[in-house]
Amino acid sequence: MKQELVQPYAYVALRLPSDATIVIQVLPNTTISIGKYGAFQANNIVGRPYHLTFEIRDTVTGDGRAQSGLRVVPAAELYADIKDEAPETPTEAEGGNPGAGGDGVEYEIVGQNGEVVMRTNRQILDDPNSQIMTMDEIEAFKAQSTGSGKELIAKILESHSALDQKTAFALAKYTLRKTKKYLRRFAVLPLDVPTLARWILTDKEPMKIMELREEILSLIGSWSNVHCTPSTTSLDGDGVEVKGGRWLVIDETAGLLVASMAEKMAILHPPDEDGLEAECKRSSNHEADTINGHDELEAPTTQDGAAPHLHDPRPRKASRLGTANTITLIHANAQPNLSLLKYFHFDAFNPPKSHPLESHLRTLSWLQLLSPDDDLGYTEPEIASEETIQSWKSGKRSNYYRKRRRWGRIKTIVDETRAGGFDGLIVASVMSPVSILRNTVSLLRGAAQVVIYSPTVESLVELSDYYSTGRRTAFLTNPPDSNLMPTDDFPLDPTLLLAPTIQTARCRSWQVLPGRTHPFMTGRGGSEGYVFTATRVLPAEGKVEARGKFKRRKVDGDMARSSSQQGNPASGGSGTIEVDTT
Amino acid sequence: MAISSPTQASPFLHCGSNSESDSLAILHLKRDLLIPTVLRSHDDLNEGYSEGKVSNTRFGSFPHSTLIGVPWGSQVRASAVDTGSRGRKGWEGKGKKRKRDEDRQAQDDVAVEEKLKPEIEPKAAVDAATGFVHLLPPTPEIWTASLPHRTQVVYTPDYSYILHRLRARPGTVLIEAGAGSGSFTHAAARAVYNGYPNVNTGDSSTGGSLAKRWGKVWSFEFHEQRAQKLQEEIKQHGLDGIVEVTHRDACKDGFTPNETPASDLEANAVFLDLPAPWLALKNLARASTSSPLSRTTAIHLCTFSPCIEQVQRTITALRVLGWTEIDMVEIAAHRIEVRRERVGLAEEGLRGVNDSPASVDEAVGRLREVEGRSRIFHNEGSEGEEQAAAPGPAQVSKQQRLESIRNALEGRKLFKEGRLIHKAEQELKTHTSYLVFAVLPREWSEEDEKLAQEKWPAKVEVRQEKNGPVGRRQKKKEAKAKAGGNKEFEMAATTI
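Line by line, the protein sequences are chains A and B.
Going by UniProt numbering, the letters in the first sequence line up with residues 1 to 582, in that order.
Going by UniProt numbering, the letters in the second sequence line up with residues 1 to 496, in that order.
This is chain A alone, in the form it adopts within the complex (with noise of 0.2 Å):
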């Protein structure tokens, strides 16, 4: 769990008004600029709990010098707008009121029987001259309030000619819009999964991340089953080390989906902001003393944390890699691109060694999977001996440790991954998905999931219909040579994923305002997002012949408007190969 407090050096999220996100890392000592919406001092978010709304006020010191200091905004005062305009519980105890419904619409006009009538907007001219305040003025309005905004807005409502005839939703809507403009206000997150997630897809590049929405994303989640496999013994004890709980991942969203399961299996955050309670109580106003009072302290973040152990010369212990609870990661280019994981301070190229991923994410190129003796890396070392070294300039010899280690860790990394085993595969690629699977299939370990992300659903589609029941069927009573294999009739062996799944979600946000509820009116476009699911299983050996229920259909007049049944449904069954016995 992450901390509960912003730390310094961490990023976080800040939502402002306008709905936008903007992601930022608290630098202690600094000024953080939001825009139109003013600036504040690092130091008044720092130290202080996430979730908590933030209200910018300039507030003049002693000694007569501006600051901008920042003031808590109570839930009560954020809901005050909401509250004004809900009528609920008052018309619940008036009763008998008919001008107020119970379902908190406002009815303001009584007509002439009595009946009661909406107000509506028939009467009203567009005029575009109705804000008599002009941009002028309330640039120079908001140059020298030292406010949250608010009375700003209030003076902007004031002025528009034609406030009255307003109806209630369109007064809302109006005062919402100002709101959204000239209050200055923004809330503090916590940068974890989920938020990244949506402000990459929002606010900043959704291509980055193959537009990956939040409900496809958990659904990857749960459909890989990935969670979290504690050791039983320490890393680095005499114990016999538990293996289990590897995942094989192919991630071209720049790490977002190395990060969700890294998060899933609690490797994501270091450990010291990993499940412990009462972490503020803890570290006392020490660290908060070093920062503020020697600037030659440096930041823990991927930028700087490199030197120390590229200098070590002594030979260090080749595997300090975990073995479970392990995400490898297979890449195209040379090196991997997880350049998000920075927002968990993690660098890929230079891992800090304080960050569980370093122990828990291999990652290694196709090339090293398929071909290791063609790639460099995966070539040993001359093994010089101990005087040889010892005879070295000490920059040499620790370049000579450094390529050594290096080594052992390529090594062990292709050995075992080539070993397989995994408990799982999790693809979101650009690449074309049959030939991911063709090669990484049989790293899989019976009961493992597969599950591949693509933000299109033509890649899935033609997935699917080489794991389709017919073709499976085609396989088992006339297979192939398997040293042929692929062949164009079988690019995958069709045998060994069970219950191939497309599936997709979508979410649907809805505004709730007393008398105002409904689904907003605008939403994100783009790419839907499909997931494929399926189950490794190992066939048995030997002709399997299904048995069941084989379905007789009538064979009446429809059959002929019976159009598209022969095509299997891609999922198929396991037990049985449904064949129309006519």
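Since the hints were made in silico from the structure, they are not lab data.
Quick reminder that beta carbons are idealized off the backbone N, C-alpha and C, glycines included.
Careful: at least some of the hints might be erroneous.
[Stated by the list, open to error] Where chain B lies over chain A, by a calculated footprint (3+ residues, C-beta under 8 Å):
{"#": "1", "segment": "70 to 82"}
{"#": "2", "segment": "466 to 472"}
[Said to hold, decoys possible] From the structure, some residues in chain A lie toward chain B, with a derived Cβ separation under 10 Å:
{"#": "3", "residue": "VAL46"}
{"#": "4", "residue": "MET135"}
{"#": "5", "residue": "ALA499"}
{"#": "6", "residue": "ALA505"}
Given chain A, put chain B in place with the hints provided.
What follows is chain B alone, placed relative to chain A:
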């Protein structure tokens, strides 16, 4: 798998490489036909099978001796089991007959758990000629698809998203009210699991000197029978210690488990699947001493209600109680069918196809043919034989045509013919429930704020017009301040 306490390890969390006796396993018959069964090598109840415990399915009978100790994911052949002549001793009183009557529909899909007299050695199973299943370890997804329904089930797309938004992670303490059939319970247990609390782990990477926070699901159910049933399942599934089921009405009696004071729960996530969640919310206030909520963390909450009126009342209550980031969504999920669609005259007479013309050309060709035939028919009377031989190729009867199409079927690769299409599954769940999310921030008092201000003093911005030597520290500070971009602030500051 070598787990330090194998009796406890849940097959949901550590399934090992091979199936073991006395653990839950799933017989996968078809995608939507999954039979959960507990594997038993021997059993004390006598159901008269000479092979020991047997699961009977529509695809054959499976003595458990053939299912135990095989790698998970294996395809297992059915065995030839004599289901007819076995003794019926011990059959009565097991409630199974009644169940069968009630549930006649699924009669042949229910794994009838038949047992053997312990003193008789089980006979070795003999492979049957046909039939097989795949043996899978349980996962929350499979369990959700196969569990015995007691109430409306929270399905995978919903619970995935809920757990995601609740920030349910290893170490989270989650309260669930309205456990129902237990699908959410199992998924939540997987999400929060980070070890069994009473197993002493020597893991140096997470322990530290402070006590580790164990993930836990506190589950409340006001229906006594359902609570009991769930409790049994949790025990059978090895989730004891991760899930704690309490029979209690959370709305009326609050969130106090049987043996733990509510204040010890320290929950940081709450899921309410109740008819009236707003009634339970008052028991989730921080102020009371018996609050089950953690005092040092933010609390994430989700309620699951099918009706909009419930949502409105819930949200009004949440606003009054000071919850923030209130958000309501619904999840629409569907599966997609992929199939091949074959259209054309060449498919005439075959099953599951559309045998109307596939193109205009085909249609015209067929029309010509018909036209030709009728011309012959009309001309037959007058000019007779000489005309009949004239128009084009030899006429084939419909019967002959169908015959030849049927014969050609043998050599065709139907699995790659036709057009590959996809469409949504036939039965859609268009509405499950509305999900309301909210966050209760950690309490932050004036004193807390004061302490924080002392620890992190907000410095008065130093003006630029500083003359004389500037120290390295000063320079760095300025650089940092610039990186933070303090233009606005300065603008605001100068105008005062």
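Hint numbers the structure violates, sorted upward?
Number 4 - this is the single hint that the structure violates.
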